[in-house]
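Novice: Spelled out from the first residue to the last, the chains are:
Protein chains: 2
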Amino acid sequence: MNRPKSIRQLIEALQKFPGVGPRSAQRMAESIVKMDYETAREMARAIVRVKKSISPCSSCFVNTEQNPCEICSDPERDHTFICVVEASEDVIAMESSKSHNGLYHVLGGNMNVVKGIGPDKIRVKELLDRVRSGGIKEVLIATNPTLDGETTASHIARQLTGMGIRVTRPARGLPRGADLDYLDGETLSHAYKLRQTVDPEPEREI
Amino acid sequence: MNRPKSIRQLIEALQKFPGVGPRSAQRMAESIVKMDYETAREMARAIVRVKKSISPCSSCFVNTEQNPCEICSDPERDHTFICVVEASEDVIAMESSKSHNGLYHVLGGNMNVVKGIGPDKIRVKELLDRVRSGGIKEVLIATNPTLDGETTASHIARQLTGMGIRVTRPARGLPRGADLDYLDGETLSHAYKLRQTVDPEPEREI
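For the protein sequence lines, the chains are Z and H, in the order given.
So for the first sequence, this note's numbering puts the first residue at 225; every next one is plus one.
So for the second sequence, this note's numbering puts the first residue at 225; every next one is plus one.
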């Protein structure tokens, strides 16, 4: 006896998830066989629903259910300040930190010389068009502090030169809870160079 | 901005898979957003198809698309010999080893005293009924060689005592490719006790 056809097809389909090989797909398929019908049906529905309701915002390219997205269409936000990120999930992370009140621009990835991903494969042209159309005062390039992220940031920074706007990068330094012993030299070196003067706390009167 | 509702619902639904937490579910949901529509649709269809077409065989309880399953309905197989396993996937594994030509009985789990899983929670009664209905000569209890598997095997073996049939367990020993240095003492002890005499190969004439 072979594995039933519908289970084989499901194992095949589940391997489309990143990092899911034959063995994990098999375990996932088994769990679906055991699941009650309504739970499995809701999972299937949720997959199709996302495909039907999510599309990139026509201005900033964040994944959204409305177009333009709620950030781009919010008059309370600073429309002169764009924060450039790699992916939609980075927008969610930035938003929950409540630090940025401007707009975003989602590149949809990073440049990678080895993999042949040039600036034409990510939304650099769309960013330049937004800046050229006027009204932008600052672009914060918040790609990840990785090799690809830095390559992308440098390329974008060069393209924005001479456009009369401020171009910035997030500060680099020690992340909260880090153990110096385990941090890489680059992070330590950044944290050292950008060291901040500590104002001594005034002595408490007893 | 919060994560769009349909993505939140998908992340929720994907956490029904075993071992998938919020972070992996988020990565899986992102991959669905990026997937082309047809691939995602096929994934959703495959989930529902499995729920609609798979049910346990009414005799041996293996997951099957036909009832009775192709093994139980095959007259060429030995209907006097039942191999008892924990799960449907164990049937697939046994079948691909091509060692068993009898029937199967899928328990649907193991007994576990701590978790309160008694013999009534797995299909022990159904096995006894099959044996009582006659015609069975041997029952091979092939539960996994784990604590729970052994507990289950002992319980079933006791129940089958006095029914006039042969009750067997698979041999224990060294698995192929094992490194003695890394094997547990129990396995080594089994392999030692059940050691086999090697017939010396006849010397080749030159």
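Hints should not be assumed to be uniformly reliable.
Copies of the same chain look alike in the list, so a pair counts if it fits in one copy or across any two.
Said to hold, decoys possible - List of simulated lysine-lysine pairs, PhoX-like, C-alpha gap at most 25 Å:
1) Lys276 - Lys240
2) Lys240 - Lys349
3) Lys417 - Lys349
4) Lys258 - Lys229
5) Lys240 - Lys345
6) Lys322 - Lys361
7) Lys345 - Lys322
8) Lys322 - Lys229
9) Lys240 - Lys229
10) Lys258 - Lys349
11) Lys258 - Lys240
12) Lys339 - Lys258
13) Lys417 - Lys229
14) Lys229 - Lys276
15) Lys258 - Lys361
16) Lys417 - Lys345
17) Lys240 - Lys322
18) Lys361 - Lys349
19) Lys258 - Lys276
Keep in mind that the hints were calculated from the coordinates and are not lab data.
In this text, all values refer to a predicted model and were calculated from it rather than measured experimentally.
Novice: Each hint needs a verdict: does it hold in this structure or not?
Specialist: Now the hints, each set against the structure:
Proximity of Lys276 to Lys240 under the C-alpha cut-off of 25 Å is found in both arrangements, the shortest distances being 19 Å within a copy and 22 Å between copies. Taking the shortest alpha-carbon separations for Lys240 and Lys349, neither the intra-copy value of 30 Å nor the inter-copy value of 40 Å comes in at or below 25 Å. Taking the shortest alpha-carbon separations for Lys417 and Lys349, neither the intra-copy value of 33 Å nor the inter-copy value of 73 Å comes in at or below 25 Å. In this assembly of identical chains, Lys258 and Lys229 lie within 25 Å of each other by CA distance solely inside one copy; the values are 17 Å within and 27 Å between copies.
Taking the shortest alpha-carbon separations for Lys240 and Lys345, only the intra-copy value of 22 Å comes in at or below 25 Å, while the best inter-copy value is 35 Å. In this assembly of identical chains, Lys322 and Lys361 lie within 25 Å of each other by CA distance solely inside one copy; the values are 20 Å within and 72 Å between copies. For a Cα distance limit of 25 Å, the shortest separation of Lys345 from Lys322 qualifies neither inside one copy, at 30 Å, nor across copies, at 51 Å. Taking the closest pair of Cα atoms, Lys322 and Lys229 come within 25 Å of each other only across two copies (20 Å); inside a single copy the shortest separation is 49 Å, beyond that limit.
Taking identical chains as interchangeable, the C-alpha atoms of Lys240 and Lys229 lie at most 25 Å apart whether they share a chain (18 Å) or sit on different chains (23 Å). In this assembly of identical chains, the alpha carbons of Lys258 and Lys349 lie at most 25 Å apart only when taken from different copies (20 Å versus 49 Å within one copy). For the homomeric pair Lys258 and Lys240, the shortest alpha-carbon distances inside one copy (21 Å) and between copies (11 Å) are both at most 25 Å. In this assembly of identical chains, Lys339 and Lys258 lie within 25 Å of each other by CA distance solely across copies; the values are 19 Å between and 41 Å within a copy.
Taking the closest pair of Cα atoms, Lys417 and Lys229 never come within 25 Å of each other, the shortest separation being 61 Å inside a single copy and 43 Å across copies. Taking the closest pair of Cα atoms, Lys229 and Lys276 come within 25 Å of each other only across two copies (12 Å); inside a single copy the shortest separation is 28 Å, beyond that limit. For the identical chains of this complex, Lys258 and Lys361 are neighbours neither inside a copy (56 Å) nor across copies (32 Å), given an alpha-carbon limit of 25 Å. In the homo-oligomer, the alpha carbons of Lys417 and Lys345 never lie at most 25 Å apart, since the shortest distance is 34 Å inside one protomer and 64 Å across protomers.
In this assembly of identical chains, Lys240 and Lys322 lie within 25 Å of each other by CA distance neither inside one copy nor across copies; the values are 34 Å within and 31 Å between. When the C-alpha separation of Lys361 and Lys349 is checked against a cutoff of 25 Å, the pair qualifies only within one copy, where the shortest distance is 18 Å, while the shortest distance between copies is 76 Å. In this homomeric assembly, Lys258 and Lys276 come within 25 Å of each other (Cα to Cα) only across copies, at 12 Å, whereas the closest approach inside a single copy is 28 Å.
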